[in-house]
Every structure is written in C-alpha cells, then in structure tokens.
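Q: Going down the list, the protein sequences come from chains A and B. Numbered as in our numbering, the first sequence ends at 116 without a single skipped number. Numbered as in our numbering, the second sequence ends at 1119 without a single skipped number.
Read the hints as simulated data drawn from the structure, not as lab findings. You can trust all of the hints, since none of them are fake.
Ranges of calculated distance between the beta carbons of each label pair, as one might list FRET restraints:
| id | chain 1 | residue 1 | chain 2 | residue 2 | range |
| --- | --- | --- | --- | --- | --- |
| 1 | A | Glu-60 | B | Leu-1027 | 19 to 29 angstroms |
| 2 | B | Gln-1041 | A | Pro-82 | 18 to 28 angstroms |
| 3 | A | Asn-53 | B | Asp-1077 | 36 to 46 angstroms |
Using 30 angstroms as the maximum straight-line C-alpha spacing, the simulated DSS-like pairs for lysine-lysine come out as follows:
| id | chain 1 | residue 1 | chain 2 | residue 2 |
| --- | --- | --- | --- | --- |
| 4 | B | Lys-1044 | A | Lys-71 |
| 5 | A | Lys-63 | A | Lys-17 |
| 6 | A | Lys-59 | B | Lys-1044 |
| 7 | B | Lys-1038 | A | Lys-63 |
| 8 | B | Lys-1044 | A | Lys-103 |
| 9 | B | Lys-1052 | A | Lys-103 |
| 10 | B | Lys-1044 | A | Lys-57 |
| 11 | A | Lys-59 | A | Lys-71 |
| 12 | B | Lys-1044 | A | Lys-55 |
| 13 | B | Lys-1038 | A | Lys-103 |
| 14 | A | Lys-71 | A | Lys-55 |
| 15 | B | Lys-1038 | A | Lys-3 |
| 16 | B | Lys-1044 | A | Lys-63 |
| 17 | A | Lys-71 | B | Lys-1038 |
| 18 | B | Lys-1044 | A | Lys-3 |
| 19 | A | Lys-103 | A | Lys-59 |
From the derived model, a few chain B residues whose C-beta atoms are all more than 10 angstroms from chain A:
| id | residue |
| --- | --- |
| 20 | Pro-1018 |
| 21 | Thr-1020 |
| 22 | Thr-1026 |
| 23 | Phe-1054 |
| 24 | Asp-1062 |
| 25 | Asp-1077 |
| 26 | Gly-1082 |
| 27 | Ala-1086 |
Nothing here was measured: the structure is a model prediction, and the numbers come from that model. The beta carbon of each residue, even a glycine, is placed where N, CA and C say it ideally should be.
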Amino acid sequence: SQKIEQNSEALNIQEGKTATLTCNYTNYSPAYLQWYRQDPGRGPVFLLLIRENEKEKRKERLKVTFDTTLKQSLFHITASQPADSATYLCALAERNYGGATNKLIFGTGTLLAVQP
Amino acid sequence: DAMVIQNPRYQVTQFGKPVTLSCSQTLNHNVMYWYQQKSSQAPKLLFHYYDKDFNNEADTPDNFQSRRPNTSFCFLDIRSPGLGDAAMYLCATSREVTSILAFRTDTQYFGPGTRLTVL
Chain A
1 SQKIEQNSEA LNIQEGKTAT LTCNYTNYSP AYLQWYRQDP GRGPVFLLLI RENEKEKRKE
61 RLKVTFDTTL KQSLFHITAS QPADSATYLC ALAERNYGGA TNKLIFGTGT LLAVQP
Chain B
1001 DAMVIQNPRY QVTQFGKPVT LSCSQTLNHN VMYWYQQKSS QAPKLLFHYY DKDFNNEADT
1061 PDNFQSRRPN TSFCFLDIRS PGLGDAAMYL CATSREVTSI LAFRTDTQYF GPGTRLTVL
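If we strip away everything but chain A, and leave its shape as in the complex, we get:
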C-alpha cells in the first residue's frame, strides 16, 4: 500500500540546535516533494520544494534533502528558535505522463517544539 510516514512523536530540541525531521514514503514515484509549516488552527504555509532530480535545497536556515533510492526526505532547521515550534508536513506529487500531477499527498506531520 502507499504510505507517507513522518515521526508521529513530537520532536523536542533546545534552542540553537539543529532540528531534523524525516519523511519516508513507500509505493510512490514522486516528481517532487514539498515541506509545509502548520501552526495550530491555521492552514499550512509552503516552505521548500525539491524535485526528484535534486539532492538538496536550501533557504536561509532551512535545508531539504531528497534521496529517491532510500525513498526519504530530510528537513533540517539550523540554529532553531522557539518561533520555529510548529507542525511540519511533507507532501509529494506523483509523476505522470506530463511530468507531475497537480495533487499533493500529505504526511501527518511532525510537531517540533524548540525549548528556550
């Protein structure tokens, strides 16, 4: 069966440390993968997109890696701050004959708590 798995347990880290969140998938052939941030009671906010032919993407303190052999994406926040505390969702779009579908399939998210 098709699955997208993220750590269901909350990740607690100290301010200033690097947070690493994991997204694993099975039985998908993603054209690209995205990471979103979701605060309680709010809609997800797009952070980064990485395509199947890309190994790594960076944006300020954020870094995403994509390993299609391992079927895994890692999301890193360096120099984490309490304001980074939120749920982080990964989402993938499958490849189709035209390149990629326009539908995202989301994971359940990982709650990150950064302690001051």
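Chain A is fixed; fit chain B onto it per the hints.
A: Frame of chain A, contents of chain B only:
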C-alpha cells in the same frame, strides 16, 4: 495582503443541516482545492477545480459538493453534515503551467481554514 480567504473561520451547524463554506483568492490562480483535516491527521484532498473542470476524489462522500462560479471563488457544500464531518476545512490554490514538454505544478497556497463543528 490576504491571498486566500476563507469564511467563516468558525462554523457551527446542527446534525443534518446543510452548510456552505466559502473560499476566495486574489492570486488569479487557475486551480483551487478543498481539503479536510481532522485533528493530528494529514490534510485529505476532497476535490479540486482545474479552471472550470471539477475533479472529485474517488473516496469523497457524495455528501460533499463544490461550486466554482468564477476564478476567484469556490464553495464547499455539505448537504447533510454528520458528526464525523467535524474538521478543519482548508482551501488552497495553485497556478499551473503546461507546455508541450512538461506539466509543471506550482506550490499550493492555503487559506487559514474553517473549523466546522457539528452538534
């Protein structure tokens, strides 16, 4: 600055009483989506519009309908809400560009959501 607006933010309805949630966008995006998200779960796609073309997910109950009268607006109608329909409903938009060689999809922009309570 609001780009994707959802109204109302909180909606309370009674069991079986029809309810309509609305979404509007100022991005002029051609694709609009409706997701259902229950507590601690992944957003689940209900349906989406590509321009005026309606695309229903296979497992979306018939109780859920949608209308898109123009590019800017999209509505979610729940004909007879049950207790299990209590959730956050998220509207999202994206701009899709197609070419002869590739179908490139842009990122999705979400609204703040409507929290639906069914009594």
